[in-house]
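Number of protein chains: 2
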Amino acid sequence: MNAQQLETLVHQEIPITKALGIHIAELTQQSIRVTAPFETNKNIHNTAFAGSIYTVGTIAGWSLVSSIAANNQLKGSVVLAKADIQYKKPINGDLIAECALDDHQLFDKFVASFKRKKRARINLSIQLREDGVTKAILNANFALVS
Amino acid sequence: MNAQQLETLVHQEIPITKALGIHIAELTQQSIRVTAPFETNKNIHNTAFAGSIYTVGTIAGWSLVSSIAANNQLKGSVVLAKADIQYKKPINGDLIAECALDDHQLFDKFVASFKRKKRARINLSIQLREDGVTKAILNANFALVS
Numbered sequence: 557m558n559a560q561q562l563e564t565l566v567h568q569e570i571p572i573t574k575a576l577g578i579h580i581a582e583l584t585q586q587s588i589r590v591t592a593p594f595e596t597n598k599n600i601h602n603t604a605f606a607g608s609i610y611t612v613g614t615i616a617g618w619s620l621v622s623s624i625a626a627n628n629q630l631k632g633s634v635v636l637a638k639a640d641i642q643y644k645k646p647i648n649g650d651l652i653a654e655c656a657l658d659d660h661q662l663f664d665k666f667v668a669s670f671k672r673k674k675r676a677r678i679n680l681s682i683q684l685r686e687d688g689v690t691k692a693i694l695n696a697n698f699a700l701v702s
Numbered sequence: 557m558n559a560q561q562l563e564t565l566v567h568q569e570i571p572i573t574k575a576l577g578i579h580i581a582e583l584t585q586q587s588i589r590v591t592a593p594f595e596t597n598k599n600i601h602n603t604a605f606a607g608s609i610y611t612v613g614t615i616a617g618w619s620l621v622s623s624i625a626a627n628n629q630l631k632g633s634v635v636l637a638k639a640d641i642q643y644k645k646p647i648n649g650d651l652i653a654e655c656a657l658d659d660h661q662l663f664d665k666f667v668a669s670f671k672r673k674k675r676a677r678i679n680l681s682i683q684l685r686e687d688g689v690t691k692a693i694l695n696a697n698f699a700l701v702s
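From first to last, the protein sequence lines are chains X and L.
Count the first sequence with the working numbering and you get residues 557 to 702, in order.
Count the second sequence with the working numbering and you get residues 557 to 702, in order.
In case anyone wonders, no lab produced these hints; they're calculated from the structure.
Keep in mind that a hint or two might mislead.
Identical copies look the same in the list; a pair holds intra-copy or inter-copy alike.
[Claimed, not checked] List of simulated lysine-lysine pairs, PhoX-like, C-alpha gap at most 20 Å:
{"hint": "1", "residue 1": "K638", "residue 2": "K598"}
{"hint": "2", "residue 1": "K598", "residue 2": "K645"}
{"hint": "3", "residue 1": "K598", "residue 2": "K574"}
{"hint": "4", "residue 1": "K631", "residue 2": "K644"}
{"hint": "5", "residue 1": "K665", "residue 2": "K644"}
{"hint": "6", "residue 1": "K574", "residue 2": "K673"}
{"hint": "7", "residue 1": "K645", "residue 2": "K574"}
{"hint": "8", "residue 1": "K631", "residue 2": "K673"}
{"hint": "9", "residue 1": "K671", "residue 2": "K638"}
{"hint": "10", "residue 1": "K671", "residue 2": "K574"}
{"hint": "11", "residue 1": "K598", "residue 2": "K674"}
{"hint": "12", "residue 1": "K671", "residue 2": "K645"}
{"hint": "13", "residue 1": "K598", "residue 2": "K673"}
{"hint": "14", "residue 1": "K574", "residue 2": "K644"}
{"hint": "15", "residue 1": "K631", "residue 2": "K674"}
{"hint": "16", "residue 1": "K598", "residue 2": "K671"}
So here's chain X without its partners, still in its complex pose:
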C-alpha cells in the first residue's frame, strides 16, 4: 500500500477526515507522516485546535497500523483503545504528525501475536512537530482485532 492508496482508504473509512484536510504525506514500511492544513484547523488565537492536533495524531497511528496489517496480510480492524496527549507548545502552522516504529522486536511481536491469537495490541508514540520542534506528544494504544 502506498501513501495515496492509504489516504484514499482513510477518507473512505472515516469521512470527516476529508473535512479536516487529512493528507498522508509520507509512508514507509514502518513510518508515516500525516499533515492537515492550518487554515482548516486553527482557532481564533491563530494556533492549531487541540482536537485537530489529537485527530491528526491518531490518524497517523491508525494509518500506520492499517498499513502494517495490509503489508503483512493480517486481516482485521484497527481500533484505538486508549490514548494520552501532552500539548507542550502552540502550533502556528500546518499540522504534521510523525510516527516511526523504531523497535523491530515490538513490530515482530505485534505481527506474531496477531497470527497466533487473531488479536494484537501496539503502543505508538506520535510526535506533532513544527520546524523540527516537538509541539505535542501523543501516546496511543491500538488493537488489531479480527
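The hints should help you fit chain L onto chain X, whose structure is shown.
Frame of chain X; chain L shown alone:
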C-alpha cells in the same frame, strides 16, 4: 452566558466545530452537555470515530471552563494542557459528552487561584454516554491564562 451564546462562541473560536456539527445541548453554571451527529462523525464500521469522540469531549470541557470564566468575570484564554481518554465500548449513535463540576471546593479554588495569580488549572472528567452507559471517559487538564 446561555447554551446558544456559548455555541456561537465555540463556532467562532474554533471553526472546524461547525463541520463536526458540535451543538451545546445544555448548560448550567456548573455542568454541560455537548452533542454531535452520528452521520457526520461515523467510521465505515458504523461506530463513532475516535477522533470525533475526543473532540466532542474536549469541546465540552473547554466550553464549561469558558462559561465559568465568563460568569465569574475571569478574563483569560482557556487552553488544553493535557488529556487522556479511554474508549470502553463502541458508540453507535449521536455523540454525547457530559461534564459536571460536582466538587465546589475545586471550583472555588480555580476561581480564587485565577483572581490571585491570573492563571489557574482545573482537571475535568468528561463522560461520553449512550443510552445511559459510559462509552468513553476523557480526563482533561485545562489552564485559564490571562
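Structure-based check of all given hints:
1. In this assembly of identical chains, K638 and K598 lie within 20 Å of each other by CA distance solely across copies; the values are 18 Å between and 25 Å within a copy.
2. For the identical chains of this complex, K598 and K645 are intra-copy neighbours only, at 14 Å inside a copy versus 30 Å across copies, given an alpha-carbon limit of 20 Å.
3. Taking identical chains as interchangeable, the C-alpha atoms of K598 and K574 lie at most 20 Å apart whether they share a chain (16 Å) or sit on different chains (13 Å).
4. Taking the shortest alpha-carbon separations for K631 and K644, neither the intra-copy value of 37 Å nor the inter-copy value of 23 Å comes in at or below 20 Å.
5. Proximity of K665 and K644 under a CA criterion of 20 Å is satisfied in neither setting, with 31 Å inside one chain copy and 24 Å between copies.
6. Within a single copy, K574 and K673 get their C-alpha atoms no closer than 34 Å, and across copies no closer than 42 Å, so neither meets the 20 Å cut-off.
7. In the homo-oligomer, the alpha carbons of K645 and K574 never lie at most 20 Å apart, since the shortest distance is 26 Å inside one protomer and 25 Å across protomers.
8. Taking the shortest Cα distances, K631 and K673 sit within 20 Å of each other inside one copy (12 Å), while across copies they are farther apart (54 Å).
9. For the homomeric pair K671 and K638, neither the shortest alpha-carbon distance inside one copy (23 Å) nor that between copies (35 Å) is at most 20 Å.
10. In the homo-oligomer, the alpha carbons of K671 and K574 never lie at most 20 Å apart, since the shortest distance is 33 Å inside one protomer and 42 Å across protomers.
11. Taking the shortest Cα distances, K598 and K674 never come within 20 Å of each other, neither inside one copy (40 Å) nor across copies (25 Å).
12. For the identical chains of this complex, K671 and K645 are neighbours neither inside a copy (40 Å) nor across copies (24 Å), given an alpha-carbon limit of 20 Å.
13. Taking the shortest Cα distances, K598 and K673 never come within 20 Å of each other, neither inside one copy (42 Å) nor across copies (28 Å).
14. In this assembly of identical chains, the alpha carbons of K574 and K644 never lie at most 20 Å apart, being 27 Å within a copy and 26 Å across copies at closest.
15. Taking the shortest alpha-carbon separations for K631 and K674, only the intra-copy value of 9 Å comes in at or below 20 Å, while the best inter-copy value is 53 Å.
16. Proximity of K598 to K671 under the C-alpha cut-off of 20 Å is found in neither arrangement, the shortest distances being 42 Å within a copy and 29 Å between copies.
Hint compliance for this structure: hints 4, 5, 6, 7, 9, 10, 11, 12, 13, 14 and 16 are not met, and every other hint is.
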